[in-house]
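Visitor: With the hints as extra help, turn the sequences into a complete structure.
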Amino acid sequence: MPDIAASFALALRLIGGGDAELWGIVALSLEVSLASALLACALGLPLGALVAVRDFAGRRAVIVGLNALFGLPSVVVGLVVYLLLSRAGPLGSAGILFTPKAIVVAQTLLVVPIVAALARQFVDDAWGEYREQLLSLGVSPTRAVPTLLWDLRYSLLTVVLAGFGRAIAEVGAVMIVGGNIDGVTRVMTTTIALETSKGDLPLALALGLMLLAIVFALNGAVYAVREWSVRRHG
Amino acid sequence: MKDVPARIPGRTAIAWIAAAGIAAVALAGSPRALAEDFITVASTTSTEQSGLFKHLLPEAKKALGFDVRVVAVGTGQALDMGRRGDADVEFVHDKAAEEKFLAEGYGVQRHDVMYNDFVIVGPKADPAGAKGDDVVAALKKIAAAQAPFASRGDKSGTDAAEKRYWRQAGIEPWSSTPRPGWYRETGSGMGPTLNTAAGMNAYALADRGTWLSFQNRGDLVVLVEGDRKLFNQYGVMLVNPAKHPHVKKEMGQKFIDWLVSPRGQAAIAAYRIHGQQLFFPDARG
Amino acid sequence: MASASSLPLEARGISVRFGAVTALDHVDLVLDGMAPVAILGANGAGKSVLLRTLHGLIAPARGSVAWGGSGERPRDQAMVFQRPVLLRRSALDNVKYALAVNGVAGAQRETRACEALARVGLGHVADRAARVLSGGEQQRLALARAWALAPRLLFMDEPTASLDPAAAADVERVIGEIAAAGTAIVLTTHHLGFARRAASEIVFLHRGRVTERTPAAEFFSSPRSQEAAAYLEGELP
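Each protein sequence line maps, in turn, to chains U, X and F.
Heads up, the first sequence is in my numbering, so the first residue is 1 and it goes up one at a time.
Heads up, the second sequence is in my numbering, so the first residue is 1001 and it goes up one at a time.
Heads up, the third sequence is in my numbering, so the first residue is 2001 and it goes up one at a time.
A hint or two may mislead.
Ranges between beta-carbon positions, derived for each pair [to be verified]:
#1 V222(U) <-> A1145(X): 26 to 34 angstroms
#2 G16(U) <-> R1272(X): 44 to 52 angstroms
#3 D1037(X) <-> W127(U): 48 to 56 angstroms
Simulated coverage check for chain U against chain X, where a stretch passes if three residues somewhere in it have a Cβ under 8 angstroms from a Cβ of chain X [to be verified]:
#4 63 to 75
#5 171 to 181
Here are some chain F residues pointing at chain U (derived, C-beta under 7 angstroms) [unchecked claim]:
#6 V2021
#7 L2057
#8 M2079
#9 N2102
#10 V2104
None of these hints come from the bench; they were simulated from the model.
Beta carbons are placed, not taken as given, at the ideal position from N, Cα and C, and that holds for glycine.
Guide: Structure representation (structure tokens):
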């Protein structure tokens, strides 16, 4: 087991140092993961809310399906997206394989089910409280979706963070569709994987600690904003 | 109760559009990713892990004026990328597989570029007595002693070479049933396989480049080297634009020409780890 | 096709069941909205269920409700619930939301919302988060929200339940103004004094059945049904 203390020290040196290449990798990780999380929420939050408030044939099957997709293996998604985006595949002429766009596509596909399933649960739990009042005001269930999403924003923030966490932690699918190209599609997780397979475990661990620190900081910031907002607005 | 048509208020619509907009902008990726002037080279993990590309590609960019993007996977996957048209140039080290690639019509022409060599690493105590400069003899001794051996087992060039040596020794441990317990296939790249070998105190076949950069050696040292059979030849090919019209053939060809040119060859020779040269340029003419 | 008006409201033979429990049992009720109606009854008599069925929130297992001759609920109704549900936004924005979903144009929303808040005495907390208001303030906000929609028919479920006497008096006054302006009022309450002052007619419910429908003045001095008499004596909870 590599010296943890040494890795911590290395991690601090890396964070403090101004290595342009390393910060480029961090920036790319944040960029693609934020983009995927936002896109997945734009798609998944309304989807989950709609499933919660509307009754339709097969609703229960959809709910079970969404929950099951939590366990979607990322390498499967990576492979499928690769086959779609490959030049030999149907979307090959878009030419986005081995670019950050491909990473965003794969990550978004992984995160949408998570966001939709969690949103569905939260909205479902709240709908009992809101339903009669909203119907009384003349709001149809479909029209209620944006209202509910906004009213439940503090709870749903947790869902967004879960989605982001899933995205930034992804390595398998990112490796397959991104190609881990130096300076182009190399993100923190794939760098850690590369350094591990090169046997440079202290560096890999240090990068891992750095990634954790960044994710912690982000979550802390979001939490602080949320607390302040609740105190202000109830 | 009659449904009200679902008119979403303006502010909400703006918020969603903003979110999608941010996502779209971010989707654009880093400026470097946007540039159109680059080629995609399919190469192998062992070459990537040796650190050669970190040294070579900036030189190439200076000489050629465009980016060379390397996707490093196993040799089998690298050639498959070429068949699918996802790469412009192939730069791998499995001559038999490369010639098959050409014969199938996926490549234009094959040029020798450089060679590096393989070594057999193993526990310092060398329980099988493999040490020396004869790889086939060493493998026979390892099999006889049933000493643990970590194999890549991933269709890579290194893996193909390893299997070749075993066959020359008259042994095929991967096809015996039951599988002998001392022969362990990791199904992964050079680095992870060495990690496994270090962890199990096993023998393994590795390319010298990965070995020189490998830091997690445990008790392993180089035991077998210098056998001519261990030389690992690299070849470069342009993916056939006749099969894949979108292939960047001009830039791809320029890169190949540079690789085999005196300047490219010198750049290859200049790459060292701990003062040792890893790759020996051998392009003809 | 919904009618333009919710009145007259005709409930015929409506029965509502929740599992094994019969909440409403063959209730017939016709309201022409000329005068405020109060629905009284003991706990569990079905007052709240009846109100929500008349408002179209509960579909009866048997029987029918028609508004202005149509089975589709028109949009000129509003309801104030016993525990109002307010959105996580300011008091003013809550009212504006109700106006927006009912098709009121932007500039008008501001004006009408401010007016509604002023009428119930909440003008000074217009920008405060609705959920941090006191119980009484929230109740008045719900009332303002319903009133801002200028409904023809207004349902109220225990409108003075959680209010202190001062706030209750305020709400009574507002309800009086709403009724005087022409809105039909149907409410439930336990406050008999309030019922006597606010309503012209009393409908008494006992275990899901209507036992009588009597002008208010008469009801409190000489109720026509035994159950109502027992209730007024304080023998029913």
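Visitor: Each hint: holds or not?
Guide: Right, here's what the structure says about each hint:
{"no.": "1", "hint": "V222(U) <-> A1145(X): 26 to 34 angstroms", "verdict": "violated, 59 angstroms"}
{"no.": "2", "hint": "G16(U) <-> R1272(X): 44 to 52 angstroms", "verdict": "violated, 30 angstroms"}
{"no.": "3", "hint": "D1037(X) <-> W127(U): 48 to 56 angstroms", "verdict": "holds, 54 angstroms"}
{"no.": "4", "hint": "63 to 75", "verdict": "violated (count 0)"}
{"no.": "5", "hint": "171 to 181", "verdict": "holds (count 3)"}
{"no.": "6", "hint": "V2021", "verdict": "violated, 19 angstroms"}
{"no.": "7", "hint": "L2057", "verdict": "holds, 5 angstroms"}
{"no.": "8", "hint": "M2079", "verdict": "holds, 5 angstroms"}
{"no.": "9", "hint": "N2102", "verdict": "holds, 6 angstroms"}
{"no.": "10", "hint": "V2104", "verdict": "violated, 12 angstroms"}
The earlier numbered hints that this structure contradicts are 1, 2, 4, 6 and 10.
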